[in-house]
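Can you make the complete structure from the sequences, with help from the hints?
Chains as they are written, first to last, in our numbering: chain S, 278 to 409; chain X, 278 to 409; chain V, 278 to 409.
Mixed in with the good hints, there may be bad ones.
Selected chain X positions facing chain S (Cβ under 7 angstroms, derived; list incomplete) [claimed, not checked]: (1) 279; (2) 318; (3) 320; (4) 407.
In case anyone wonders, no lab produced these hints; they're calculated from the structure.
Even glycine gets a Cβ: it sits at the ideal position worked out from N, Cα and C.
The chain contents come next:
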Amino acid sequence: MLKEKTIRTSKHNELIDITSDIRLMIRESDIDEGVCHIFVPHTTAAVTINEKADPAVARDIANDLERLVPDSPAFTHAEGNSDAHVKTTLTGTSEFLIISGGEPVLGIWQAVFFCEFDGPRTRRYVARISGS
Amino acid sequence: MLKEKTIRTSKHNELIDITSDIRLMIRESDIDEGVCHIFVPHTTAAVTINEKADPAVARDIANDLERLVPDSPAFTHAEGNSDAHVKTTLTGTSEFLIISGGEPVLGIWQAVFFCEFDGPRTRRYVARISGS
Amino acid sequence: MLKEKTIRTSKHNELIDITSDIRLMIRESDIDEGVCHIFVPHTTAAVTINEKADPAVARDIANDLERLVPDSPAFTHAEGNSDAHVKTTLTGTSEFLIISGGEPVLGIWQAVFFCEFDGPRTRRYVARISGS
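Here it is in structure tokens:
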């Protein structure tokens, strides 16, 4: 089952918790045992799994990726957002979740975050849920 | 088939070769052709695939991630381990292996490494092995 | 269905668009709905998904990974290519594509790139295409 979701980002760099939407997609699929493949069809946005308990963690990650990959005069891409493309490759545009008992297998502190690196924009992601 | 394994790490930052345990899980599954999805349910630990032949490689990777993402006064997360969270997002909490002929498809130098970024701790990882 | 492809790289660091070969593999599989798992069996090469429209993006990514992970006297691996191993862990040796309607689900600007970090060499990658 293929699902698509639109998401509106509000900052230039931010991580947005999308776990509840992913959980809903998995429940709607009625698949108890399987895998959920999440894919971001953008080149300046990504997806990661990290801590949700303290929202400071998501901000620290977004800010530290800024520090690691600042905009630079060495970049030659005419659109001027090569830093966002590098962050996308470092973070990755996909994640999978193992499904067991109708729920994603996630650690107690884990959440799935949509990563905006060149916003604000209207974005989307795709999820495929399959049983075995 | 879903398997879970506990692992005890002994350093603050280290990569631990878990390939033999993964191979055993795949053999126990009796699945000849399929995919093994490996997932780390932590937010300051990850999994990567890299060279096993020279143990210096795993140490160089752990040390260079320290250099890339040092602890910083800019971090706001109260637990003080945001560097470990950033390393987790850069490395990723999951990997998949293609299974062919009952064995994971791996290059001759490749091994699967559990990545501890905030140890020592007792950790775990989950593997799902499915045929096609 | 398991496919393997050999690729000849021509530079020390480069990203090579392999999307047309992946599309061909998917078409040959006759699988309309499923997942394509792509795996690079090397420890100094990787795979990423990023922008193809402007070739400057792929060059900017390769160059910026050079900036992020330069060769260093701190590395202890005797072969002297630990920077390439670190880049491999940061980028990742695998990607999956969701298949829908017989085609990979990709954004309009997205392409799949083989990432050479220690070339030029003869390399290979493996793709497994499975339906649901």
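Quick check on the hint: residue 279 (chain X) CB to chain S CB, less than 7 angstroms?
At 6 angstroms from the nearest chain S Cβ, residue 279 (chain X) passes the 7 angstroms test, so the hint holds.
Agreement of hint residue 320 (chain X) with chain S interface, Cβ distance less than 7 angstroms
holds (4 angstroms)
Against chain S, with CB atoms and a cut of 7 angstroms, does the hint on residue 318 (chain X) hold up?
Result: holds, 3 angstroms to nearest chain S Cβ.
Was the hint right that residue 407 (chain X) lines chain S, CB cutoff 7 angstroms?
holds (4 angstroms)
Of the numbered hints listed earlier, not one is contradicted by the structure.
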